Amino acid sequence: MPYIQQEKLHAIKETILQRKEKLAENKRLDLATSHNIYTELTTFRLDLLTTYAGSLLMEKEAANEVMEQWGNNMANLLVNHGLPLNLALEEISYYRDVIGEIIKEEAKNNDFSLDAFYQIISHFNSIVDNAIQFVSKSYVKDYTEKINYAQYAIDELSVPVVRMTEDIGILPLVGDLDTKRAQYLMESALEKGSQYKLEWLIIDLSAVPIIDTMVADQLFKVIAGLQLLGIEVVISGIRPEIAQTMVNLGIKVEEVRSFSSLHQAVQYTNSFTGSLM
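Position one of the sequence shown corresponds to residue 1 (full-length UniProt numbering), numbered consecutively onward.
Think of the hints as simulated: they come from the structure by calculation, not from any bench. If you're wondering where the values come from, they're calculated on a predicted model, not measured in any experiment. From the three backbone atoms N, C-alpha and C, an ideal C-beta is built for every residue, glycine too. Keep in mind that the hints are not guaranteed to be accurate.
Said to hold, decoys possible - Derived PhoX-like pairs (lysine-lysine); straight-line CA-CA distance at most 20 Å:
no., residue 1, residue 2
1, K180, K146
2, K8, K104
3, K13, K108
4, K22, K104
5, K13, K60
6, K197, K180
7, K221, K192
Stated by the list, open to error - With beta-carbon atoms standing in for the labels, derived distance ranges:
no., residue 1, residue 2, range
8, E191, V256, 14 to 24 Å
9, Q183, S122, 49 to 59 Å
10, E90, K141, 35 to 45 Å
11, S126, Q183, 39 to 49 Å
12, G82, H263, 35 to 45 Å
Required output: the full structure, derived from the provided sequences and hints.
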């Protein structure tokens, strides 16, 4: 901003800072009637007003840096509390109007030229527009990371290697196997099989509705990896319709012992481990 406007800009900045507590409290009371948790945003409102005020005296690049930091912090708060993005966007827009009125008042009281007023309001609107972009991008990023973390936790729980005895483990699979879950299946089976020092692992497919070429390919990669670790693999729970599908797809399982029920697979593996004890 040109040097000639610095004194005028300082006056606007001080007016905003003097009113920020009242402005933030008014907004808190407005929202608290229906959303009590929103009262936690008071600090962020004060930070926003302070940032808006200070940015009036900054060059655009410097103003964007401080707005980006505010946007990141605000998005993090929203995601952690399960609050919607439109809440932040509404706050940003609300204070655009409020501060716009303050700028207009100061322009009238101090006889700003039309060019000076236009330059100040344009600079401020540019800052607000960037604030919207920063908080939106950061919110999407944080929300996506949270969803991915939750999905990873679900996948981990849905691919459990259960230790039945010192030597035998069971891997019960439930639901569809997509590419990502199949990859986790590989990692979990190899990690737990090695960690538990298993001699046998029963992979139970009783609750897997569909076996296609992708699932079969991933499944046999898991089996090959386990065999390299010295772990014998048995498949259980292959229902007639799944067996028919595997035959139609040309999937061969001659090298892996399979059983129609988990009970049969357990009896089979127990007969071997019992003979070794």
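For each hint, the structure was consulted:
1. K180 - K146: holds, 17 Å
2. K8 - K104: holds, 12 Å
3. K13 - K108: Cα-Cα ~16 Å, so holds.
4. K22 - K104: holds, 19 Å
5. K13 - K60: Holds: K13 and K60 sit about 16 Å apart, inside 20 Å.
6. K197 - K180: Outside the cut-off at roughly 26 Å; violated.
7. K221 - K192: holds, 16 Å
8. E191 - V256: 14 to 24 Å: Hint holds: Cβ distance 21 Å, inside 14 to 24 Å.
9. Q183 - S122: 49 to 59 Å: holds, 51 Å
10. E90 - K141: 35 to 45 Å: With a Cβ separation near 20 Å, E90 and K141 fall outside 35 to 45 Å, so the hint is violated.
11. S126 - Q183: 39 to 49 Å: Hint holds: Cβ distance 45 Å, inside 39 to 49 Å.
12. G82 - H263: 35 to 45 Å: At roughly 44 Å between Cβ atoms, H263 and G82 fall inside 35 to 45 Å, so the hint holds.
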